[in-house]
Amino acid sequence: MVTTYWELQFDPFSKAAACKAPFESEDFRQASARLKHLIEIRGIGLFTGAAGYAKTYTLKNFTDSLNPSLFKTIYLPLSTVTVLEFFRAIALGLGIDPPYKKIDLFNAIQERILSLSKDKRITTVIMLDEGQYLSNKILNDLKIILNFCMDSENHAVIVT
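No gaps in the numbering here: position 136 of the sequence shown is 136 in the numbering used here, and each next residue is one more.
Check the hints yourself; a few may be wrong.
[Said to hold, decoys possible] Derived pair list, reagent style SDA-like, types lysine to any residue, alpha-carbon separation capped at 25 Å:
1) 143 - 155
2) 60 - 151
3) 143 - 78
4) 118 - 131
5) 120 - 83
6) 36 - 115
7) 120 - 137
8) 36 - 123
9) 101 - 83
10) 36 - 23
11) 143 - 122
12) 102 - 81
13) 137 - 98
14) 137 - 85
15) 118 - 137
16) 36 - 71
These are calculated hints, taken from the structure and not from any lab test.
Kindly generate the complete structure, drawing on both the sequences and the hints.
Have a look at this one:
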């Protein structure tokens, strides 16, 4: 209806249109540049903004721009879970059949991230949407899971 009335070729308010032709505001460009820098340094980043400011949209556009031969992207939209459920979700995103015990799960995730990085030159990028709902227990374990070689190497990226 909108397209007919305004004689448009597509509905500019649809989700499909947003992915095809994103509106690149200055904020969008700044966020994209900062995400690119985060990828380059393989760090942990906090992506903030008020509700409706297109944080998820920006992450989606940025993720779509990453070369899948160089990056393994895991997107976790559900952040109100237990620690074990959280790490099971990461394991599934990495293609691992999640072990039952937390220590085995932790080791499997670290080994997979390290294998992707060193053997295949693939950087794991974990995108955590709605990170404000993550429990302190998850946040404490999250920084530990990225501890490679006594915290001297970076092999993955986390954006929340």
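Taking the hints in turn, this is what the structure says about them:
Distance hint between residue 143 and residue 155 is fulfilled; the C-alpha atoms sit about 12 Å from each other, no more than 25 Å. Using a Cα cut-off of 25 Å, the hinted pair residue 60 and residue 151 is violated, with the two alpha carbons roughly 29 Å apart. For the hint pairing residue 143 with residue 78, the CA-to-CA distance comes to about 19 Å; that is within 25 Å, so the pair holds. Annotation: proposed proximity of residue 118 to residue 131 is violated, straight-line Cα distance about 28 Å (limit 25 Å).
Taking the CA atoms of residue 120 and residue 83, the gap is near 28 Å; set against the 25 Å cutoff, the hint is violated. With a C-alpha separation of about 23 Å, the suggested pairing of residue 36 with residue 115 holds against the 25 Å cut-off. Simply put, residue 120 and residue 137 have alpha-carbon atoms about 31 Å apart, too far for the 25 Å limit, and the pair is violated. Restraint check: the Cα-Cα separation between residue 36 and residue 123 comes to about 13 Å, which is no more than 25 Å; the hinted pair holds.
With a CA separation close to 12 Å, the supplied pair residue 101 and residue 83 stays within the 25 Å bound. Between residue 36 and residue 23, the direct Cα distance comes to roughly 18 Å. Compliance with the 25 Å bound is thereby established for this hinted pair. This hinted pair checks out: residue 143 and residue 122 have alpha carbons roughly 20 Å apart, not beyond 25 Å. Straight-line distance between C-alpha atoms of residue 102 and residue 81 comes to about 15 Å, which keeps the hinted pair within the 25 Å bound.
Restraint check for residue 137 and residue 98: the C-alpha separation of about 19 Å stays at or below 25 Å, so the hint holds. Proximity of residue 137 to residue 85 is assessed by CA-CA distance (about 12 Å); at most 25 Å being required, the pair is judged to hold. For a cut-off of 25 Å, the pair hint linking residue 118 to residue 137 is broken: about 29 Å separates their Cα positions. For a cut-off of 25 Å, the pair hint linking residue 36 to residue 71 stands: about 12 Å separates their Cα positions.
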